[in-house]
Amino acid sequence: MILRLALGSLIARATTVGMTILAIALSVALFLGVEKVRTGAKASFADTISGTDLIVGARSGSVQLLLYSVFRIGNATNNLTWSSYQDVASRPEIAWIVPISLGDSHKQFRVMGTTPEFFNRYKYRSGQSIEFADGKNMSDLFDTVIGADVAATLNYHVGDPIVVAHGLASFTEHKDQPFKISGILNKTGTPVDRTVIVGLRAIEAIHVDWQEGAQVQGQTTPIDVIRKMKLQPKAVTAALVGIENRLQVFGLQRAINKYNKEPLLAILPGVALQELWQIIGIAEVALIGVSAMVVITALIGMMAMIFSSLNERRREMAIFRAMGARPRVILGMLILEAAVIATIGAILGLALMYLGVYIAQPIIDAEFGLWLPSKAPTLNEFLVLAAVIIASIIASVLPALRAYRLSLADGMLVRI
Amino acid sequence: MKIVHLIAGIALSATPSLAEETTQLDAHEHGVGQLNIAFDENKVAMELHAPGADIVGFEYGAKSDVDLAAIDAALQTLSDPLGLFLLPEAASCIVITAHAKLESEDSDHDDHDEEGHDDHDEEGHDDHDEAPGHTEFHAEYLLECANLTEMSAITFSYFEIFPNALELEVQVISDKGATAFEIERDVAKLDLRGIF
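For the protein sequence lines, the chains are C and P, in the order given. Heads up: the first sequence begins at 1 in my numbering, then just goes up one per residue. Heads up: the second sequence begins at 1 in my numbering, then just goes up one per residue.
Hints may be right or wrong, so weigh each one.
[To be verified] Derived DSSO-like pairs: lysine-lysine, alpha-carbon spacing no greater than 27 Å straight-line:
1. 261/C x 189/P
2. 176/P x 123/C
3. 101/P x 42/C
4. 123/C x 175/C
5. 176/P x 187/C
6. 180/C x 234/C
7. 107/C x 180/C
8. 101/P x 189/P
9. 258/C x 101/P
10. 43/P x 123/C
11. 375/C x 187/C
12. 180/C x 123/C
13. 175/C x 136/C
14. 189/P x 42/C
15. 375/C x 176/P
Source of the hints: derived by calculation from the structure; they are not laboratory data.
Start from the sequences, fold in the hints, and give me the full structure.
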């Protein structure tokens, strides 16, 4: 009975009520959307590297090693000498090891030297492999494979020649040994997209005539001669390691960390990613805070709407009272109205959020490499909806109490 | 009281014979131990590293009978993983191997600090006087569990048994990759749902 009255009253004021519902729906959609992006970003972040059991580099901190070896942010404090690399590689626990060598650049992108095996071993998003969008893996010494962002930004195609610059922000280029693009990778949403990948031997090849970080004047070894050289690196920046038996991971990690010929560090990528997220994850708290504010604002808007409606509904209330409705009924009706508004708003908000995710999902994935899962609503999301509805009921108590008090004496005395 | 010694990769020049090798000390924080757990199919490998101060309350080379008995008792307790870490009944785990030993920081190879001290040469002793040798208990376990999927949580009675232990830094590796947790004395439970 009260519900019917409440619904009838809401329908009668369709425009204002509609606007309030819309405000609540948008705020709920925003809140849930932010939550979705947050969990999606966290998952995408954690999925940057998978399938690699350990990352080995010179001893620094686990986050730093992760930053320069996987995210190509910052620089290595030291390199991993080739003999230590060989020692690690020859350990029986190791199933595969992929060296990476950083330090040179092409335009704004980093150049990474590695072995062709990198493309089979580097996995992202729970075991997904890197795929070639165009072309194929490196086969020649001066072949290069570029990430999707590199190709898109610089408008490169398979077969184009590129010249690698020495160092990260320098004007000296390895002009004598140009590379040819042999393949372009699919977008992965990982730092691989922004990397120019060349062979480990090629990194040595372009530095043949270089000493002490500068090109030796007037000395250019012909490419034919370089091709015949052994080109064994003296050091690499880091190595990705896969392990034979997972139970041995910690033992190998400890053995590498205690390696006494050179201070080395082996990290578990998952744990280091988690540490890194703890540092940058503060921003997520801020995001949640802001979207919670928006929900609160919408609820206060609803409260204001009910308050202002009280005046215009004085006659309505008076008629209810005259018909025998008790003040408690008036109170109940107003609270019920608020609950109905909030429920519709919350459900609409949930629907809006899913619609948004459905539309934006492929765009966001392609643009930012951020995958937003469109899974069924989680318990948390339902809790958020419940919280919004309960908050709206609490917010409506104030105007409802006012109506309760007024309806006792007011209404009949209205002079128009 | 937390004593943190973060001395890594410092070459000690006091001993000529060691001059060419680097000497390294692991981080050592009283009250905080490390526990590594690797899950693979139905096998569980666990490694515990705990400062001597957490387990027996001292880190000097034990000489008195009381201290030696305390170390023996601790090694005995540490050799029973299912008593330290309570696993769900439903997982039905059995211990395949369990080893526990006491390691001194002075040398990686000395299992028992108290024996090691007497063997050291004169120069070696000078180093010890400057940096007090910390000791660590190391334990390694291999378990086999019939229903690893039932491994929903681990309850740490470790903290009840060793009142000086305050925290365990736990690293877990499973099919889903590696994750880290911090288990503290007041909430001595590790939730493993979502790991498998």
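- Message: For each hint given before, does the structure comply? Return the numbers of the non-compliant ones in rising order.
- Response: 1, 3 and 4
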